[in-house]
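Protein chains in written order, with the working numbering: chain A, 1300 to 1375; chain B, 1300 to 1375.
Don't read these hints as lab results, they were simulated from the structure.
Be aware that a few hints might be false.
[Claimed, not checked] Simulated pairs of lysine-lysine, DSS-like, Cα-Cα distance not exceeding 27 Å:
hint : chain 1 : residue 1 : chain 2 : residue 2
1    : B       : Lys1321   : A       : Lys1356
2    : A       : Lys1347   : B       : Lys1321
3    : B       : Lys1374   : A       : Lys1374
4    : B       : Lys1367   : A       : Lys1336
5    : B       : Lys1367   : A       : Lys1367
6    : B       : Lys1347   : A       : Lys1374
7    : A       : Lys1355   : B       : Lys1347
8    : A       : Lys1367   : B       : Lys1321
9    : A       : Lys1374   : B       : Lys1336
10   : B       : Lys1347   : A       : Lys1360
11   : B       : Lys1304   : A       : Lys1321
12   : B       : Lys1374   : A       : Lys1356
13   : A       : Lys1336   : B       : Lys1374
14   : B       : Lys1355   : A       : Lys1304
15   : B       : Lys1374   : A       : Lys1367
Here the structure is a predicted model, which means the values were calculated and not measured.
One letter stands for each residue in the lines below.
Protein chains: 2
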Amino acid sequence: MAGGKISLYDVEQFIREAGAEKVTEDAVRNLEQELEKLAQTIADNAVKYANHAGRKKLIRKEDIVLAKPIMQGKKI
Amino acid sequence: MAGGKISLYDVEQFIREAGAEKVTEDAVRNLEQELEKLAQTIADNAVKYANHAGRKKLIRKEDIVLAKPIMQGKKI
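Working from the sequences, and respecting the hints, build out all of it.
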C-alpha cells in the first residue's frame, strides 16, 4: 500500500508549536513517517471492519474508531 | 497547546488508498484527530527530551524517536 502523504510543512508546525525554534529535517521526516504508518494501519483496518459489517466500499466513523491501535504513551 | 492541522484531503487519501470508494466526513475527521493527537504528544515529548539533553530549542530526530508511544496495534 503506497499510502497518502502528509505535508512536511504541516508536520513541522506540530513541533514548532510544542516550543521548538529549530527542527532538523530528519526529525520532521521521522515524525511524518510515524503519522503515515499510523494512518495506513488505521485505514487498512477500517476497510476490513467495514467489510465485516457488510459494507464493501463505504467507510464510516465507527470503522475508524474500531481500527485504532491502543497506545501506551506517557505525557512526560 | 493549539497544535497544528493536518489537511483533511491528505487524511482522506489514506482511507481511499486502503480501498474505500466512499468515506463519511466524520470518519475523515476522526482519523485526522487521532493523527493530530499523536503528533502533538510526540512533539511535546520531543521538546522535553531535547531539553533533557541540554538543547533548549533544537529538536533532532533522536528526540522524536524517544518520544513515540508504544502502539499495540493489530494488522487484521
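Right, here's what the structure says about each hint:
no. : hint                     : in the structure
1   : B:Lys1321 with A:Lys1356 : holds (6 Å)
2   : A:Lys1347 with B:Lys1321 : holds (14 Å)
3   : B:Lys1374 with A:Lys1374 : holds (26 Å)
4   : B:Lys1367 with A:Lys1336 : holds (12 Å)
5   : B:Lys1367 with A:Lys1367 : holds (16 Å)
6   : B:Lys1347 with A:Lys1374 : holds (10 Å)
7   : A:Lys1355 with B:Lys1347 : violated (44 Å)
8   : A:Lys1367 with B:Lys1321 : holds (19 Å)
9   : A:Lys1374 with B:Lys1336 : holds (12 Å)
10  : B:Lys1347 with A:Lys1360 : violated (33 Å)
11  : B:Lys1304 with A:Lys1321 : holds (19 Å)
12  : B:Lys1374 with A:Lys1356 : holds (19 Å)
13  : A:Lys1336 with B:Lys1374 : holds (12 Å)
14  : B:Lys1355 with A:Lys1304 : violated (30 Å)
15  : B:Lys1374 with A:Lys1367 : holds (10 Å)
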